[in-house]
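> Note that the protein sequences, when read in sequence, are chains A and B. Per this note's numbering, the very first residue in the first sequence carries number 1; after that it's consecutive. Per this note's numbering, the very first residue in the second sequence carries number 75; after that it's consecutive.
A couple of the hints might just be wrong.
What the hints assert, rightly or not - In silico DSSO-like cross-links for lysine-lysine, where the CA-CA straight-line distance does not exceed 30 Å:
#, chain 1, residue 1, chain 2, residue 2
1, A, Lys-57, B, Lys-78
2, A, Lys-74, A, Lys-59
3, A, Lys-59, B, Lys-78
4, A, Lys-74, A, Lys-57
5, A, Lys-66, B, Lys-78
To be clear, the hints were calculated from the coordinates, so they are not data collected in a lab.
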Amino acid sequence: MHLQSIPILLAQMTTPDDIVREAARLQRNYEFLSLGLTVAWVLLVVYLLFMVSRWRKLKREIASLKVMLEDRQK
Amino acid sequence: MFDKSRWRDYLLHLFGAAVIVILARDINLIARLPQDVNQGAIFKIIFFHVPMAVTAMTAAAVAFVASVLFLITRDFRYDALAVAVTEVGLAFLAGNLITGSIWGHIIWGQWWAWDARLTSALVCWILYASYLMLRRAVEEPTQRATFAAVWSIFSFIDVPIVIFSIKWWRTQHPQPVFWGGGSFPHDWLVVFLWNMLAMVLLAIVMTTVRVRQENAQRELDSLRRTAHAM
Chain A
1 MHLQSIPILL AQMTTPDDIV REAARLQRNY EFLSLGLTVA WVLLVVYLLF MVSRWRKLKR
61 EIASLKVMLE DRQK
Chain B
75 MFDKSRWRDY LLHLFGAAVI VILARDINLI ARLPQDVNQG AIFKIIFFHV PMAVTAMTAA
135 AVAFVASVLF LITRDFRYDA LAVAVTEVGL AFLAGNLITG SIWGHIIWGQ WWAWDARLTS
195 ALVCWILYAS YLMLRRAVEE PTQRATFAAV WSIFSFIDVP IVIFSIKWWR TQHPQPVFWG
255 GGSFPHDWLV VFLWNMLAMV LLAIVMTTVR VRQENAQREL DSLRRTAHAM
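The task is simple: from the sequences and hints, build the whole structure.
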């Protein structure tokens, strides 16, 4: 792989059209990179929230069943 | 006195905090790294795409081992581990497929290609999703765990196909950076490895929480049976 910073990339362009095209390409790249990372993180966060809600529901159900069983035993 | 469960909680919180710190630091570092000349900024998606794939495939391997151990020992702790790690692995594989698709849209000009790597990865996701659906369909716990273990072992057949598909067939998916003749600059490699560590730690935290849920679910089922019998 070859790495270069953005100012060097733009300096290699010869015509104004090239610079505009390259700047548009960079912009589009950044937009989609942000989209990719956002989607990946939203997916994991949603899954975490789903886990938390399931955990709360389980705890609530266990507590209510325990109370019910204690009441029945009395 | 040494309290095992309390220490487990501390460790879990410590891992969770470490994940947040590492990822926050890495996002900052990734943004500052220079761009790839040919692909531009989108190439940086590799910092999430590959660790997510590695985590998902590791999760599948753990599910396979847990399923085999369940069939040998009939110990439900292995069944709980298998379902927990499968669900977490599925979330990571979904992230891997989505980030890959977004990369493909920029580099290939299309969201999806039916090549061997992408197709086998999608099949892998469907197989493990059907594992979770199968568990919902069977009510009796022992039968559910047995069927699910067999299905998990069968599903694992696809994992080596996903990993080696790019070696076995000519695919549109690029060759891997590390065992395909490519290389990373040192500063990229350091960030990449830290991100990989963060993903694996995150998967460990999620799996541990999910195992606890599975144990709580078993306790709930047992309480329901007791209530029903009274």
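> Taking the hints in turn, state whether each one holds.
Hints, verified against the model:
1. Under the criterion of a C-alpha separation no larger than 30 Å, the hint pairing A:Lys-57 with B:Lys-78 is consistent with the structure, at around 25 Å.
2. Taken as a hint, the A:Lys-74 and A:Lys-59 pair is honoured in the structure, with Cα atoms around 23 Å apart against an allowance of 30 Å.
3. Proposed proximity of A:Lys-59 and B:Lys-78 is supported: the alpha carbons are some 21 Å apart, at most 30 Å.
4. Between A:Lys-74 and A:Lys-57 the alpha-carbon distance is near 26 Å, which keeps this suggested pair within the 30 Å criterion.
5. Restraint check: the Cα-Cα separation between A:Lys-66 and B:Lys-78 comes to about 25 Å, which is no more than 30 Å; the hinted pair holds.
Comparing the model with each numbered hint stated earlier shows that all of them hold.
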